[in-house]
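Those sequence lines, one after another, are chains A and B.
Following numbering that gives the first Met the number 0 from start to finish, the first sequence increments by one per residue and tops out at 139.
Following numbering that gives the first Met the number 0 from start to finish, the second sequence increments by one per residue and tops out at 400.
Errors might be hidden in some of the hints.
Said to hold, decoys possible - Under 10 Å between C-beta atoms, here's a sample of chain B residues computed to sit facing chain A:
id	residue
1	A339
2	A342
3	L344
4	T346
5	G355
6	H356
7	G370
Hints in this document: simulated from the structure, not taken from any laboratory.
All residues carry an ideal CB built from backbone N, CA and C; glycine is no exception.
If you want the building blocks of each chain, they are given just below.
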Amino acid sequence: MSPQDLSAPATEALSAFQAAGSWEQRARLLMQWGARLEPLSDAQLCEENRVHGCESQVWLVAQQHGDSWQFNASSDARLLRGLLSVLLVRVNGLSAGELAQLDLIDWFNQLGLSRQLSPSRSNGLNAVLQRMQQLAVSSA
Amino acid sequence: MSLHSPWRADFPGILALETEHQTYLDSAATAQKPQSVIDAITGYYLHGAANVHRAQHVPGERTTRAFEGTREKVSQWLNAQDPAQIIFTHGATEAFNLLAYGLADVFQAGDEIVISAAEHHANLLPWQQLALRKQLTLRVLPLADDGQIDLQQAAEIIGPRTRLLAVTQLSNVLGGWQPLARLLELGKTHGAITVVDGAQGVVHGRHDVQQLGCDFYVFSSHKLYGPDGVGVISGEAQALQQLRHWQFGGEMVRSATFESAEFNPAPLGFEAGTPPISSVIGLGAALDYLSGQNPTAIAAHEAALHKALLAGLIQYPQVKILGQPEVALVSFVVDGVHNADLAHLLTEQGIAVRVGHHCAMPLLKSLGQTGAIRVSLGLYNNGNDLLRFFNAFDQALELLQ
Numbered sequence: 000m001s002p003q004d005l006s007a008p009a010t011e012a013l014s015a016f017q018a019a020g021s022w023e024q025r026a027r028l029l030m031q032w033g034a035r036l037e038p039l040s041d042a043q044l045c046e047e048n049r050v051h052g053c054e055s056q057v058w059l060v061a062q063q064h065g066d067s068w069q070f071n072a073s074s075d076a077r078l079l080r081g082l083l084s085v086l087l088v089r090v091n092g093l094s095a096g097e098l099a100q101l102d103l104i105d106w107f108n109q110l111g112l113s114r115q116l117s118p119s120r121s122n123g124l125n126a127v128l129q130r131m132q133q134l135a136v137s138s139a
Numbered sequence: 000m001s002l003h004s005p006w007r008a009d010f011p012g013i014l015a016l017e018t019e020h021q022t023y024l025d026s027a028a029t030a031q032k033p034q035s036v037i038d039a040i041t042g043y044y045l046h047g048a049a050n051v052h053r054a055q056h057v058p059g060e061r062t063t064r065a066f067e068g069t070r071e072k073v074s075q076w077l078n079a080q081d082p083a084q085i086i087f088t089h090g091a092t093e094a095f096n097l098l099a100y101g102l103a104d105v106f107q108a109g110d111e112i113v114i115s116a117a118e119h120h121a122n123l124l125p126w127q128q129l130a131l132r133k134q135l136t137l138r139v140l141p142l143a144d145d146g147q148i149d150l151q152q153a154a155e156i157i158g159p160r161t162r163l164l165a166v167t168q169l170s171n172v173l174g175g176w177q178p179l180a181r182l183l184e185l186g187k188t189h190g191a192i193t194v195v196d197g198a199q200g201v202v203h204g205r206h207d208v209q210q211l212g213c214d215f216y217v218f219s220s221h222k223l224y225g226p227d228g229v230g231v232i233s234g235e236a237q238a239l240q241q242l243r244h245w246q247f248g249g250e251m252v253r254s255a256t257f258e259s260a261e262f263n264p265a266p267l268g269f270e271a272g273t274p275p276i277s278s279v280i281g282l283g284a285a286l287d288y289l290s291g292q293n294p295t296a297i298a299a300h301e302a303a304l305h306k307a308l309l310a311g312l313i314q315y316p317q318v319k320i321l322g323q324p325e326v327a328l329v330s331f332v333v334d335g336v337h338n339a340d341l342a343h344l345l346t347e348q349g350i351a352v353r354v355g356h357h358c359a360m361p362l363l364k365s366l367g368q369t370g371a372i373r374v375s376l377g378l379y380n381n382g383n384d385l386l387r388f389f390n391a392f393d394q395a396l397e398l399l400q
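Based on the sequences and whatever the hints tell you, model everything.
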C-alpha cells in the first residue's frame, strides 16, 4: 500500500470529518472515533510508552509486523483519543519508508483538524507525531 | 450581565480579538495594551531610535530622558524612596534570577531560604537552584485550606536560620491576597532578606513598597498593560547594597582593563548590555495611562466582574474552585471532565483561557490536581465576555457529559 492509497477506515474518517460542518459535529465525531480506539492493557500503560510534552497523559505502543507498522495509543483525554484514532487509521499498516514520507500535517488539514497541531498546543498530538517519525526513521 | 468597561475602547487588541470572535480571558498571562502604549513604542521608532546612557547626541539624549522618565514613573507608582532603587530587567523571571545570583554571597551552607507553596516557578526555581549550589535548605510555607499561607506554621518555619523569605503577593493560580504584612514582619524579626513577587498583585490596586516594608518587590511590565520584555525590581536602599553584580558588559562598567573592572552601583550596575529601550518607554506610557484613570472605578469594575465570574461558576455543582479567589482570576476543575477536553472545546468556541499547570506544578500537585482551567480578567473585560464564556462552558459540558 502506498501512502497515497487510503485504507478503508481512513477513507471513512476522511468522508466523515469532511462532512462535518460545525465545531460541535467535529467534536462529536472525535469522541465517537476516540471510543473506537482499542484499549491498551495495564502493562502497556507504562512509563516506557508514555509520550511526554503533553498536558494530558498519552501512551503510544508501536509494533513492527514484517514490513509494516502497527500502532496503538491511548490518552486520558477524550478528544485527544479521537485525534489519536484518526491518526492511527492513517498510519497503521504503512512501512517505515512510507511512514517517513507521509505528510501527517496534510492529513489533519484534510480532516479539518489542523489547528490541533499548532505549536502552542500542548495536547500531545505533536509529541506523538514526533515519536512516530523517530521510530520510522530509526527503522527505515 | 451588563458590566460595561469604559476602558475597553482604549485597548485596540481586545477590540481586534472581539472582531475575530475571540473572547480574551487570559490577562493573568499577558494583558492587552492601551493605544497610548502602542503609540509610545511606535513613536520611539518613528522619531529615531538611539541607545541609552552612551551618547551625547540629541537622539541619545532624548531616548535616555524617556528611559529614565519611566524609572521615575515606576518609582512614583510604587512609592519607592528614589528612582535609583528601580532596576530594569528583561522580565520578572530574570529579576528573580538576578536576586538569586546577586545575593548568593549572603548565604552560608546550612542557611535557610523560605518560600511558600503558592509560588510560581519564577519565584521557586532560582531559589531552589541557589540552595542546591550553596548547600542551603529550601523551606516551603504550607497553605491553609483557603489557599492562604498558614501563618501559624509560618511562625514556626521562619526563624533565626531564615536568611531570605520570598513570597507571592497574589497567586497566579489561587487569586487570593497573601497575608504579606504578617509574613514580612516575621521575616524582618529574624533579619531575613524579604522578596515579594508582585507579578499579579501589581496589576490590581496600588502598592506602596515602603509601607509593605519588603527589601525587594518584583513585577513584570506585560501583565500591567505594558510591553513584554521588561521586569522591574524595586529594592530598598540597604538591600541593594548587598547585591553583587551578576551579568557583565555594557554600561554597567565604570572602568575596565584587561585584568579587572569596576562596576556601577544600582540601578545601572545591574542593567548589563542594551536594555529593552522601547519596552521601558512603553511601560512609562502604561503607567501614565493607569495614572490617568480613576482607581476606585477600576477596582469596583474588577470586583464586579470577579464576583459575577465566581457566582456563575458556583452554580455548577461539578465545578471545584481552587482556593478562595478574591480578585482577578478563578482557577477550577470540573468533576469527571478532563481539563484538556474542556480547553479544547472552549478554544473551538473562541474562548481564550489558560489550561494547565500555570507554571506552578508543585502548587497544583499539593492541591491534588495536575492542571486547572484559569479564567483571568483585565480592566477591559466586560459582562459580555463573561456571558460568552458561560455560553461556551455550557455547550462544552453538554458535549462532554
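**Item:** Unsatisfied constraints (hint numbers, rising)
**Value:** Of the numbered hints given earlier, the structure breaks none, since each of them holds.
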